[in-house]
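These protein sequence lines are chains X and E, in that order. Quick note on our numbering: the first sequence kicks off at 17 and runs consecutively. Quick note on our numbering: the second sequence kicks off at 907 and runs consecutively.
Treat each hint with caution, since some may be false.
Ranges between beta-carbon positions, derived for each pair [stated by the list, open to error]:
no.	chain 1	residue 1	chain 2	residue 2	range
1	X	Ser104	E	Ala984	29 to 39 Å
2	X	Lys81	E	Gln960	36 to 46 Å
3	E	Gln960	X	Cys29	35 to 45 Å
4	E	Pro946	X	Thr36	23 to 33 Å
5	E	Gln960	X	Gln44	23 to 33 Å
6	E	Ala984	X	Pro83	11 to 21 Å
If you're looking for bench data, these hints aren't it; they were derived computationally from the structure. In this text the structure is predicted, and so the values were computed from the model without any measurement. Backbone N, C-alpha and C define an ideal beta-carbon position, used for all residues, glycine too.
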Amino acid sequence: SAVISQKPSRDICQRGTSLTIQCQVDSQVTMMFWYRQQPGQSLTLIATANQGSEATYESGFVIDKFPISRPNLTFSTLTVSNMSPEDSSIYLCSVEGTGVETQYFGPGTRLLVL
Amino acid sequence: KQEVTQIPAALSVPEGENLVLNCSFTDSAIYNLQWFRQDPGKGLTSLLLIQSSQREQTSGRLNASLDKSSGRSTLYIAASQPGDSATYLCAVWGGSYIPTFGRGTSLIVHP
Chain X
17 SAVISQKPSR DICQRGTSLT IQCQVDSQVT MMFWYRQQPG QSLTLIATAN QGSEATYESG
77 FVIDKFPISR PNLTFSTLTV SNMSPEDSSI YLCSVEGTGV ETQYFGPGTR LLVL
Chain E
907 KQEVTQIPAA LSVPEGENLV LNCSFTDSAI YNLQWFRQDP GKGLTSLLLI QSSQREQTSG
967 RLNASLDKSS GRSTLYIAAS QPGDSATYLC AVWGGSYIPT FGRGTSLIVH P
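When you get a sec, could you build the whole thing from the sequences and use the hints?
The structure is reproduced here in structure tokens:
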């Protein structure tokens, strides 16, 4: 299994500002994923981030709003840009499992936009 | 497109009860099914993973079963405790690295 940390764990932000969330893994992984979980909802995949290439965004998510960096095999960032109250969610980072189809999840970043 | 449904959406029980949480999926061509636990405002903790060739997995007081042909899985929690209070999410992998999640069952076990 992989151990994943995220920073910050939570934040309260003003509308119109941006927040960058960091995800650190204790081992090298090819694929990292960013999810959003809105209040009372399940997880929705924002994008898949592979090292050395542009992130692949799911329908409804765009790079201008959620730019992602993947500078190496153990680290990724997700920025939530020009935030509005609708962006209030838990943002989760995950990585692929090895040998079996699964993912390991970070502790999440709880974001509240006022 | 795969759809995952979890029933019930919420459950409140007294301590000591045995519980069954249900997960159904529309496309039976899955590789794995996984149950997660999520505490309020937190990330996901993996509980049990059932590969498509398996029928069930057990860990402590938890037992998960899988019936691919009927598109169903159940998570059985024996002798529930207040510490079991959390949201339980079911996720299926069906041929890609992107899982489909259900909306979860919110469980409260009161003393």
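Results of checking the hints against the structure:
| no. | hint | in the structure |
| --- | --- | --- |
| 1 | X:Ser104 with E:Ala984: 29 to 39 Å | 37 Å, holds |
| 2 | X:Lys81 with E:Gln960: 36 to 46 Å | 40 Å, holds |
| 3 | E:Gln960 with X:Cys29: 35 to 45 Å | 44 Å, holds |
| 4 | E:Pro946 with X:Thr36: 23 to 33 Å | 24 Å, holds |
| 5 | E:Gln960 with X:Gln44: 23 to 33 Å | 29 Å, holds |
| 6 | E:Ala984 with X:Pro83: 11 to 21 Å | 46 Å, violated |
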